[in-house]
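A.B. asks: What follows is the residue order along each chain.
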Amino acid sequence: MSGSATLKIWRGLDINNGRWETYEVPFEAGQSVLDGLRWIRANRDPTLAIRFSCINANACKECMVELDGKTVYACTARLQPREMTLAPLSNKKLLRDLVTEISPPMERFTDS
Amino acid sequence: MHAETDVLVIGSGAAGMYAAIEAARDGCQVLLADRSLIGRGGATVMAQMTVAAALGSETADHWSYHYADTIAAGRGLCDEPLAQLLCEEGSECVRAMDKWGIGWARKDGRITQAMAPGHDRPRCVYVDFLNTGPAVSKTLRTIVNKSGGIRKAGDLCVVDLLRDKGDVVGAAALHLGSGAPVILSAKATILATGGLTRLYRRNSASANMGGDGYALALRAGASLVDMEFVQFFPIGHLAPRLIGMDPIMWDPFRYKLGGRLLNNRMEEFTQRYGVAEDGKYVITRDVGSYAILKEVEAGRGSPHGGVYLSFQHCPERTLRESFGPVIDRLGANGIDLTKMPIEVSPIAHYHMGGIVTDAKMQTGLAGLFAAGEVVGGANGANRLSGNAITEALVFGRRAGRSAADYVKRLRTLPDHSDNAQEAIDLITTDAPTRNFNTAEMQQMLQITMQDNVGALRSERKIASALDAIGLLTEELGNAPSGDGNRFDMRRIDWFDLRNMLLVARVVAEAALARRETRGAQQREDYPHLSPDWACNQTVRLRHARIELSRGPHAFTETTS
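Read top to bottom, the protein sequences are chains A and B. Quick note on the working numbering: the first sequence kicks off at 1 and runs consecutively. Quick note on the working numbering: the second sequence kicks off at 1 and runs consecutively.
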């Protein structure tokens, strides 16, 4: 199965003042949402902020986002040939676009 | 922003965490920094199976046998003191991890040790199922959290080491969470940043492994060794598309179940390349990668450009006994191993080369230590399976102790650095926005490296890679652009590319110079081992130029 998926993504630095941007990405059965986000960065817009480390293994647990209002790992959520809405985690402090402050408070750098 | 510490550890995989634990135990204040989350990125968390150590719990063993296998796998190029350290102290570290509750797989109370290719006896411990790396990370995270004196700081992307004359006195970093520059002043600095597999399109490691430690060390004036030797893991998952699993997951399957490597005629083929497997997992990584790529080149590859790996001879019950929940995760991906083979092909997995250190993990620069995969030499031209986590633990522990000794001798914190302002300026530069896509540039580099400086190399291929690297380097320019605010991806990509392009050039130049085939360096135009090349190559940066030299590196003779 191939075709395209439509990713509607929340963008911005301020949770009260953001915008939605929509991207068409090529779709192949079996792909992950993270595959789609990485495709957007390399082919459409490198400024899209996402965070991940292990890419595919669901080991680093960094790629959590809200997909259609539900919290998922972008690396294990399947890309689908339809419109999918992606937003930053609503219960974490926003850093930028889909990136939120997910590290435990004791593991953040603070000035000394 | 600014922080001061006795020991700065850069990288929080197994090597970095063990170093932090050990330095703190010796009374030092430690700052454990990582560019991602603490103890969740890097290669450690991705390791799925084996940790080699001569425990002798399965059959009698001694570290000297493990050492002999390590040296043989290294094809004559191992740094002997480092290889000895790895093998001699491996058991102690594996037992320490056991005491810390890692949960090594056991049978009748004894720690289970599996047979792995290149080993003369069962020697590899593991945690079921496919959980070795995550368990190592979790165990060390717990001990880090229990140790007093370790301050943790994630999302710090180190941009340059700080120097005071020749000595290393800390690091300058971009704080991803705010976009601000950070000066980290340290009496001792330990690089534990892992390898460079991110330079390759098909790789088995985390996105934060773009070889930054090698670039940091080079720019600070340290030497690297064996940079041409990139290990390709022969049977990285290729198809069907599989998500939520590490692409090296078939390794544990082969350890436990053997499995059959088949070409598109469904014939076994490894015997043509000198190793008949006969249902057992015996082929070493360099020979396996070569055999698969040659089979594909001969037109006998699978549809996606690899070969088949089949477990169809294994009954469902055996599969479940061996891999329990993993069988269900495969099912969710539409893979039923009793009915179909999967496709595999070589994938960049580990880097044998790295920073030159002695057996105390001291680099040639005062104040700079290294630990784990970023260290070069222990594994020569080809790493024995199971040695990566072992070296992370052993070298991490040793680096932590050595850094603590150094701190005790140094007493006061260096208060000057020659290049702190330069680093801050670079981090905060807002160069005119350029017209290139930084994420696309990274992809272009990965494709070039995979195709031209990968598992099968030639002068023609490497030269074309060097051209591509040159163009990308020119395109990158001298300063980053972007808005400079938090998680500014173009700026992060720029700093990653600055390191990746330098390290890619070093790998390509070292591979071009070595006109022979040895271990992981497979030259199609020089297909045989050459006695002239029974030596290491070292690399330094002099006036921003890469300088290669031949011969055993400086520490080999002097280390006791």
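No wet-lab data here; the hints were simulated from the structure. Glycine included, C-beta positions come from ideal geometry on N, C-alpha and C. Please note that the accuracy of each hint is not assured.
As the list claims (entries may be wrong) - Computed list of lysine-lysine pairs in BS3-like fashion (alpha-carbon distance at most 27 angstroms, straight line):
{"id": "1", "chain 1": "B", "residue 1": "Lys165", "chain 2": "B", "residue 2": "Lys360"}
{"id": "2", "chain 1": "A", "residue 1": "Lys93", "chain 2": "A", "residue 2": "Lys61"}
{"id": "3", "chain 1": "B", "residue 1": "Lys360", "chain 2": "B", "residue 2": "Lys99"}
{"id": "4", "chain 1": "B", "residue 1": "Lys165", "chain 2": "B", "residue 2": "Lys408"}
{"id": "5", "chain 1": "B", "residue 1": "Lys107", "chain 2": "B", "residue 2": "Lys165"}
{"id": "6", "chain 1": "B", "residue 1": "Lys146", "chain 2": "A", "residue 2": "Lys61"}
{"id": "7", "chain 1": "A", "residue 1": "Lys61", "chain 2": "B", "residue 2": "Lys138"}
{"id": "8", "chain 1": "A", "residue 1": "Lys93", "chain 2": "B", "residue 2": "Lys138"}
{"id": "9", "chain 1": "B", "residue 1": "Lys107", "chain 2": "B", "residue 2": "Lys138"}
{"id": "10", "chain 1": "A", "residue 1": "Lys61", "chain 2": "A", "residue 2": "Lys92"}
{"id": "11", "chain 1": "A", "residue 1": "Lys70", "chain 2": "A", "residue 2": "Lys92"}
{"id": "12", "chain 1": "A", "residue 1": "Lys92", "chain 2": "B", "residue 2": "Lys138"}
Unchecked claim - Chain A residues, not near chain B, derived (Cβ > 12 angstroms throughout):
{"id": "13", "residue": "Ser4"}
{"id": "14", "residue": "Pro81"}
{"id": "15", "residue": "Asn91"}
{"id": "16", "residue": "Leu95"}
A.B. asks: The structure should be examined with respect to each hint, and the outcome stated for every one.
C.D. replies: Hints versus structure:
no.	hint	in the structure
1	Lys165(B) to Lys360(B)	22 angstroms, holds
2	Lys93(A) to Lys61(A)	17 angstroms, holds
3	Lys360(B) to Lys99(B)	25 angstroms, holds
4	Lys165(B) to Lys408(B)	21 angstroms, holds
5	Lys107(B) to Lys165(B)	55 angstroms, violated
6	Lys146(B) to Lys61(A)	22 angstroms, holds
7	Lys61(A) to Lys138(B)	13 angstroms, holds
8	Lys93(A) to Lys138(B)	25 angstroms, holds
9	Lys107(B) to Lys138(B)	23 angstroms, holds
10	Lys61(A) to Lys92(A)	15 angstroms, holds
11	Lys70(A) to Lys92(A)	14 angstroms, holds
12	Lys92(A) to Lys138(B)	23 angstroms, holds
13	Ser4	17 angstroms, holds
14	Pro81	15 angstroms, holds
15	Asn91	17 angstroms, holds
16	Leu95	5 angstroms, violated
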